[in-house]
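Residues per chain are reported as follows:
Protein chains: 2
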Amino acid sequence: MYYIGVDVGGTNIATGIMTKEGKLLAKTSVKTLGFRAPEEITKDIYKTIETVMRETEIPLPEIGGIGLGIPGCFDNTTGQVIETNNMNLSDFNLFAELKKYIDKPMRMANDANCAALGETVYGAAKGYSDVIMTTIGTGIGGGFVCNGKVYDGFNGAAMEVGHMCIEREGKPCNCGRCGCWEQYASATALVNLTKEIMAQEPDSAMHSYVAQNGGEVNGRTVFDCAKKGDAAANKVVDTFVDALATGLTDLINLFQPAVIIVGGGVSNEGAYLLDKVQKAAQAHSYASTKIAGAEFRKAALGNDAGIIGAGMLLAE
Amino acid sequence: MYYIGVDVGGTNIATGIMTKEGKLLAKTSVKTLGFRAPEEITKDIYKTIETVMRETEIPLPEIGGIGLGIPGCFDNTTGQVIETNNMNLSDFNLFAELKKYIDKPMRMANDANCAALGETVYGAAKGYSDVIMTTIGTGIGGGFVCNGKVYDGFNGAAMEVGHMCIEREGKPCNCGRCGCWEQYASATALVNLTKEIMAQEPDSAMHSYVAQNGGEVNGRTVFDCAKKGDAAANKVVDTFVDALATGLTDLINLFQPAVIIVGGGVSNEGAYLLDKVQKAAQAHSYASTKIAGAEFRKAALGNDAGIIGAGMLLAE
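Protein chains in written order, with the numbering used here: chain V, 903 to 1218; chain H, 903 to 1218.
By construction, these hints were calculated from the structure, which means they are not laboratory data. It should be emphasised that the depicted structure is a prediction, and the values quoted were computed from it without experimental measurement. One should not assume that every hint holds.
If chains are identical, the list can't say which one is meant, so a pair holds when it fits in one copy or spans any two.
Each computed EDC-like pair below joins lysine to aspartate or glutamate, with the alpha-carbon atoms no more than 20 Å apart [claimed, not checked]:
| no. | residue 1 | residue 2 |
| --- | --- | --- |
| 1 | Lys-1073 | Asp-1144 |
| 2 | Lys-1130 | Asp-1105 |
| 3 | Lys-1137 | Glu-1071 |
| 4 | Lys-1006 | Glu-923 |
| 5 | Lys-1002 | Glu-942 |
Please model the entire structure based on the sequences and the hints provided.
What follows is the structure in structure tokens.
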């Protein structure tokens, strides 16, 4: 049997066909154009499925199922999408509409949970069964693979790790709370903090670095300058590591996963960042010192993780 | 088949025998005297097992297994207890020692996770499969039943919910972190806060209440006085509800459980407290407003939860 995974993202619909072990054989994508009628989005989802089936010449009877990664909440028993962010699929029965084109077992999961499952089956945490993934981007996303399966909660909306409160009277968050983790440890928070410290430190090497690199502060600014010894940049790195480690320590204290996968642009700093974060998180976590703590690993599959994880929803 | 559950606590070893549905048929307990040799503790564990078997006249072949709730970390594959708090069972193979007396399948789980499983199988969350339990006592304990099974993490130490950080530069905790949830929302924290506000509010009715009720502030002081309209007591209740809801909102955002069970002495305030906390937690949680939020329920089984959950480890 082969499996189809569809990552229904805000920007692209990315679809792949894979073996039952999670090996991608073909993939394709189209723009989501999320504010179209949901029937049109569904038609394009089917077109991507048709494309990867045609390309690999895998016939319909050999397709075991179709998994869909959805950025929102849903009900797998009915196929109803309950609510999606930035996309016109809310209050829509995606299974029923897609079955007009292709009649196969279908299952949805949160997109971040799909990425965690993809990394567990075929990526950075291959061979493990209890895995947490955090994606450090504009916000902070999270996924949890429990005993080899995606954990979604009763409504598909679990693992909003970016919205753990780490500072009760802290910065206001879009979600309505104050002090959410992502206000301190997302890539957005890192860029804001970098700009703040640069304004305070006119002699920092970050100013000339930014001028020579397109004029815009980004998530790499501070790491590149810290590695060259700039004191202000190192101050930003220390503050950011502390914030990142605070939420990760919470996740260790709650989940005690064997592996924590860190993805998103910031994870490209690799061992330079992850070693610091792992050291800080392990130092503060509650577990016995007699047992090894969670191992931190950089995500390995990039955008393919969501596709592979979606496909593996039916194979698991 | 019948199952034996043993709650190996700091004070008592409490043991029960039950049906495969979790119905307790007999129970007994002895003092743990935790700093004895581990062989002596194990011998007493066996004696309690013998007692409940004799009392119910259930013969050895009808015993399906023995589950043990342990306040620490362990390795179920070997039977080794790795570390326990306040008890001399660390670095000791409990399965091997107990098998000298009785040769049955054995499994350990964290004591708080056993309580969560007990409440799920036979108590406040009967019929649900994804359940979080928090016990508000001296500290805050937690358990997680995922898809009907205890979630322990890779080392048996998961769900230390009391050690989520809700205030990064907050009160120091015994665990080494600052701002842990239990520093603000445990029964201990409630009593401390009550005393603090009483010192600031000499006219509060709490002073005469305490004088008339044994002279000591306890977890009920503030609730009894708040219900009678004392302003200072209501201030304490509001602050405590806010702190309790902060951690519970985090747990909702992470787990999206169908049911959150609240146990421990504070839960005896029942609907008066839980309704306030549920309202505050749901208002701040991330889930869609289109779907019902986690339902808060008072723990139903008291100390039996840990015994039943331990027994159900083998029956699940």
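Between copies, within a copy, both or neither: which fits Lys-1073 and Asp-1144 at Cα up to 20 Å?
Both. Shortest intra-copy (16 Å) and inter-copy (17 Å) distances satisfy the 20 Å Cα cut-off.
Could you figure out if Lys-1137 and Glu-1071 sit no more than 20 Å apart (CA to CA) within one copy, between two copies, both or neither?
between (23 Å within a copy, 18 Å between copies)
Intra- versus inter-subunit Cα pairing at 20 Å for Lys-1002 with Glu-942
Answer is within; shortest intra-copy Cα gap is 13 Å, inter-copy 68 Å.
Should Lys-1130 paired with Asp-1105 be assigned to within, between, both, or neither, using CA atoms and 20 Å as the limit?
within (14 Å within a copy, 62 Å between copies)
Tell me, please, which holds for Lys-1006 and Glu-923 at an alpha-carbon limit of 20 Å: within, between, both or neither?
within (19 Å within a copy, 36 Å between copies)
Checked against the numbered hints above, the structure breaks none of them.
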